[in-house]
Amino acid sequence: MIHKFIERPVLLGAHRSLVGIETSPVAPERQPKPALVILNTGIMHRIGHHRMFVSISRRLAQEGHATLRFDFSGIGDSPPRTDAMSPNDSALADIKEVVDWLNRERGAKGIILVGLCSGADHAMAYASTDRRVLGLILMDPTVPTTTRYYVHYVARRLVKLNNWISVLTGRSRLLRIMAEQVWWLVRSSTRTHQRVSSDLQHRAWLEKVHADCMRLSTQMLVVFSGDSVRQTYREQLIEAFPNVSFHNRLRVEHFKQSDHTFSLTNDRAKLFEVIVGWLKSMNKAPEPFVSSDSVRSELPAPAQTGVSVLR
Amino acid sequence: MNPFYFGSTARRLFGLYEPASTVETPLRGAVLCYPWGHEYLCAHRAMRQLTTRLTSAGFHTLRFDYFGSGDSGGDMTDTDLTGWECDAALAVDEIQEIVGHAKITLIGLRLGAVIAARLAAQRNDIIDKLVLWDPVISGKEYLQQIGAADRDSMPIDADGNMELYGFPLTEIMIRDISSIQPECLISDSMRRVLTLVTERLPSHERFAQLGSRSELHSIEFMSDVRPWIEDTTNTGHLPIGALQRIVDWLT
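First to last, the protein sequences are chains Y and D.
If you count the first sequence from 1, position 90 lands on 90 in our numbering, and the numbers rise without skipping.
If you count the second sequence from 1, position 70 lands on 70 in our numbering, and the numbers rise without skipping.
With the rest of the complex left out, here is chain Y (with noise of 0.2 Å):
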C-alpha cells in the first residue's frame, strides 16, 4: 500500500506531556513551506469534530505543508499542567512549547496556526505576540458585533413568521433581551457599568490583538460559518475593528450553507478547497525564524492596500 503521508506521534512541551501526532509529506519539499499547527476546539480532543482535523492534515500533507495537531494541557490526551496558571494562559503556553519544538526540532521555515470558534481565538491571540506565526486559518472567530450587525440580525428576524408568533405570544427571545437592557439601562446600576465596560475591554482587546497581527504581518484566512451567531454579515470583521488596517493580508470566507462545525462531508471539503488554495496564494515566502521575544513594536506599519472579502 502506498501511503501519501507520514505520520507519527510526539509528546512535546517542557515536560513532554502534550499528546500530539505529526503529518508530513512522503518527500520533503525542495522549497521548505510553512507548518500548520491545528489546536482544540473547546474540549474536544485534536481529531476535530467529525474528524476533520485528520482529514485536513492528510489532505495539506500532500500539498507538502508538515501539520502538527496536539490536544492542550488538560483536553483530549493530555494531562493538566501542574501549575497554577488559568486556561487561557496555559493555552497560549502550550502553544509557544509547541512553536519552539518544531523550530529547534524540525526546523520549521514559519508556522501556520489553525483553528476552529475557541481554538482561533487562541490561535490569533498567540500569533499576536510572536512573529513566526506567518499566518492564520481561523473558523469561526470572535467577532464584535456592530450596528448593521444588530440591523440585519433583527431584520432576518422580522421575515420569520414564527419570530412574530413569538412576539404575540411573549415568547421572543429578542423582546426579552430588548426589555432587560432598557431595565438595565433604567436601573443605570453597577452591574450594568461593569457588563459594558467589560464587552469594551473584550473589544479593545480583540482590536489590539488584530492590530498586532497586521503590524506583524501576520496572513489570515477567516471562514464564517452560516452558524456564527454573532456574525451576520461579509464585512463585520473589518468594520468591527475600523482602526485596524488590513491591508491585503485578509481573506475572508462566508459559508453560509454550513453549520458551526461543518459537519457535512460536501462542506468539509470546499473548506479544506479553500485552506488549500489560500495556502498557495499566500504572497509571502515563508522566512527564517526570528527569535521569538522579537518585538513587534518595532516593526513598521505597512501602508493600507485594501481587503479581500469573497463570497
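Hints are computed from structural coordinates only; laboratory data are not their basis.
Computed from a predicted structure; not experimentally measured.
All C-beta atoms in this analysis are idealised placements derived from N, C-alpha and C, irrespective of residue type, glycine included.
There may be inaccurate statements among the hints.
[Said to hold, decoys possible] DEER-style ranges, computed between Cβ atoms:
(1) Y:Val26 x D:Asp125: 36 to 42 Å
(2) Y:Gly226 x D:Ile172: 31 to 37 Å
(3) D:Ala10 x Y:Tyr150: 53 to 59 Å
(4) D:Pro26 x Y:Pro80: 29 to 35 Å
(5) Y:His202 x D:Ser218: 51 to 57 Å
(6) D:Ser218 x Y:Val26: 32 to 38 Å
(7) Y:Gln31 x D:Met1: 32 to 38 Å
(8) D:Arg151 x Y:Pro79: 54 to 60 Å
(9) D:Gly160 x Y:Tyr233: 34 to 40 Å
(10) D:Ser212 x Y:Ala14: 50 to 56 Å
Go by the hints and put chain D onto chain Y.
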C-alpha cells in the same frame, strides 16, 4: 504515557499505552474499546478519565482507535465491525507484548461493547474480565436511537452514505449494526462479565433474561451522565459514578 502506531502498513492503528502507577501481582492489563462516530468524540474524555482511574488501580491500559477512526489510518468509510474486532484483537496482543503475560480486561462502551464481547468470546484464554458499558444490545434499536432508521430524513454524501453528525454511515456498517442482537453479547465461553447500564432501553428486558442464566454475568442499572451524548446541558460532565463502579468491580 506512550502514544504509538501498531498493526500493519495497510492497517495502521493508533494506540495510547499508559502504565500502571502501582505495582500489582499478577500483572493486569486493560484494553478500552471506544464507541463509534459522534459518540466516540463525546465519550473520549470519559474514557480518558477511566484510564486514569484504572492506572491508579494497577492496570496497564491501552486505548486505541479502530481503523478509519480517530488518529488511526483509513477513511471514515473504511469501517466494518469485523475489521474492528480484528483491530481489538491486535490491541490485546499488543498490550500482552508490552506488559508480558498479564490478565487482560476488555472494557467497551456502546458499539465498543459489542466489539469487546465478540472478542472476549473468542479469546477467553487471555481475557479474564469483560465490562460492557451501556452496550448496544439491539442493532435496530441503536440505529433508531442515532437517527439512522429514517434514511430519507438524513443528509446523504456524494457516495450515497447517510451522514450522522458528520460521520458517514456506510451500507456495510448498517448491515453489521443491524445484525446485533442480545445473543451476540452473551456467550458461555466468557469469563466474568459486568454489564453496566445507565440508559434503560426496551432491549434490556431480553438481555437481562439471557444474562441471568449465568452466575458470572452481572447486570447493574444506575443513573449517571451519558458521556456519549453531548448537549448544551452536559458538555464536559463526567459519569463519575459509572467510572468508579467499573474500577471497583475490577479490583
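Now the hints, each set against the structure:
no.	hint	result
1	Y:Val26 x D:Asp125: 36 to 42 Å	40 Å, holds
2	Y:Gly226 x D:Ile172: 31 to 37 Å	32 Å, holds
3	D:Ala10 x Y:Tyr150: 53 to 59 Å	56 Å, holds
4	D:Pro26 x Y:Pro80: 29 to 35 Å	32 Å, holds
5	Y:His202 x D:Ser218: 51 to 57 Å	53 Å, holds
6	D:Ser218 x Y:Val26: 32 to 38 Å	51 Å, violated
7	Y:Gln31 x D:Met1: 32 to 38 Å	36 Å, holds
8	D:Arg151 x Y:Pro79: 54 to 60 Å	42 Å, violated
9	D:Gly160 x Y:Tyr233: 34 to 40 Å	36 Å, holds
10	D:Ser212 x Y:Ala14: 50 to 56 Å	54 Å, holds
Violated hints, in rising order: 6, 8; the structure is consistent with all others.
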